[in-house]
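For the record, the sequence lines run as chains A and B.
Numbering-wise, the numbering used here puts 175 at position 175 of the first sequence, and it's gapless, one number per residue.
Numbering-wise, the numbering used here puts 83 at position 83 of the second sequence, and it's gapless, one number per residue.
Rather than coming from a laboratory, the hints here were simulated on the basis of the structure.
Each hint should be verified, as a subset may be incorrect.
Estimated spans, in silico, between C-beta atoms of each pair [what the hints assert, rightly or not]:
1) B/78 x A/120: 32 to 38 Å
2) B/70 x A/105: 33 to 39 Å
3) B/129 x A/178: 30 to 36 Å
4) B/85 x A/106: 37 to 43 Å
5) B/78 x A/80: 49 to 55 Å
6) A/14 x B/85: 38 to 44 Å
7) A/120 x B/246: 51 to 57 Å
8) A/75 x B/158: 54 to 60 Å
9) A/178 x B/1: 36 to 42 Å
10) B/78 x A/219: 55 to 61 Å
11) B/226 x A/22: 55 to 61 Å
12) A/166 x B/1: 29 to 35 Å
We put the beta carbon where it would ideally sit given N, CA and C, even for glycine.
Residue strings, one per chain:
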Amino acid sequence: MNNNPSKEQIMFIKSLNRTKQAVKITRIAIFLLFFIIWEIAADTGVIDPFIFSRPSSIIVCAIGMLKDGSLLRHVGITLFETCVGFGIGTVMGTLVAVILWWNSFINKVCDPYLVVLNSLPKTALAPIIIVWLGNNMKAIIAVALLTSVIVTIINVLGGFNNADKDDIRLVRSFGGNKKDVLFKVVFPSATPYIIDALKINVGLSFVGVIVGEFLAAKEGLGYLIVYGSQVFTLGYKQI
Amino acid sequence: MEAIAHLKNISLSYHSPKGETKALDNVTFDIYDGEFLSIVGPSGCGKSTLLSVISGLSLPSEGTVKIEGNRKSAYMLQKDHLFEWRSVFSNACLGLELQKNLTAENRQKVHELLKKYGLEEFAFKKPSELSGGMRQRAALIRTLASQADILLLDEPFSALDYQTRLTVSDEISKIIKKEKKTAVLVTHDISEAVSLSDRVLVFSKRPASLKAEFKIEFPDNFKNGISAREAPEFREYFNKIWKELDK
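Just need the whole structure built from these sequences, with the hints factored in.
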């Protein structure tokens, strides 16, 4: 590193920082502007505050719900269900992927089923699941699981199959068996894929939980949204 | 010299839904203890298959492979295949680990090998922090540490740029001689084969069969490696092999 950067370098760094700052400020400005325009529009009657609500009443409503603890309870329930669905989905999906990788016969047999299951709108199955498992948390977690597990299987298996063939040959030539190949090559090299699958899964589980709560819950954010639209207190819904 | 591996009448065919491909046709030769043997032939003639047969990873359709006295073989491939999720040291231990032979004593040996060949300070770095030549050296140490007697080199230098390739191949062949290992090198580079080997086997187009055998000897002052390329005999051997090679 040069201790005495040239004038040009200083200018360059300065302009770099300026751009960074401008990006940050613009981001926040857009955020604030959105709510200000919304509030003004509601005030002047451009939009009907009864249907579209307004930021100020949302804040009031949120504070009220925070005070009586109901907001935190609903958020907590939803979070819990998402985490459980996500955890089970990831573990189960990875296990199934391992089985499919291990046995190419099972893999070939299951392949068309996986494609079909993956293209199925899983959330549309939520009502059936609720009929099967009852109107309770079990059903909601099952919906979350269903939405995430197939994608996990497909992603992780894709990662497994992407392992370098010669890496495997190397392990084999040292006398390694299939288990060694799995744990020393395939798993570590698929780790980035597994992490990607996890990222997608959190989102999918969350969607699954919300949809489940739409239909079956007495608590949770999804329930709150449905309840809110039914009793027309849109403040609820928009939190 | 004592023969440590005998390949007798080896034939091998690959089967696929589209049909049968014969890769090896009635191949017979011996490998001698401590020699550096090169196998040259046109691309895709089945040279790599031959290594695979020697290692025991592929079974021949016909013929027998006999390795004397429980000797083990280990691969060195075109790329170094150091695992990025392991340190250099842990990569070097891979062979021992897979052979369930990773004792404290053997760990010490790996450390000594790394030290001997100038990789000590990189032992706990990631492979990506090493240069191309160092990576090949680390891969060689991994092979050496596994206590294999026969090293199977499957075009280990072909992924390197020309300059690195000359130095690395010279270095690697010297290490192999020093550790008194037997090496079987598969290559399509005639000058590489001539400069490094004690013996060169020339194979035909697919299905590969043994066409010719050359014993390579240089005067003492040229020795093997880079300087061999300057010996008057080098050109001679090169031309002889070139003539034998199917084009």
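Each hint tested on the structure:
no. : hint                      : verdict
1   : B/78 x A/120: 32 to 38 Å  : 43 Å, violated
2   : B/70 x A/105: 33 to 39 Å  : 35 Å, holds
3   : B/129 x A/178: 30 to 36 Å : 31 Å, holds
4   : B/85 x A/106: 37 to 43 Å  : 28 Å, violated
5   : B/78 x A/80: 49 to 55 Å   : 51 Å, holds
6   : A/14 x B/85: 38 to 44 Å   : 40 Å, holds
7   : A/120 x B/246: 51 to 57 Å : 56 Å, holds
8   : A/75 x B/158: 54 to 60 Å  : 59 Å, holds
9   : A/178 x B/1: 36 to 42 Å   : 38 Å, holds
10  : B/78 x A/219: 55 to 61 Å  : 60 Å, holds
11  : B/226 x A/22: 55 to 61 Å  : 58 Å, holds
12  : A/166 x B/1: 29 to 35 Å   : 31 Å, holds
Checked against the numbered hints above, the structure breaks hints 1 and 4 and satisfies the rest.
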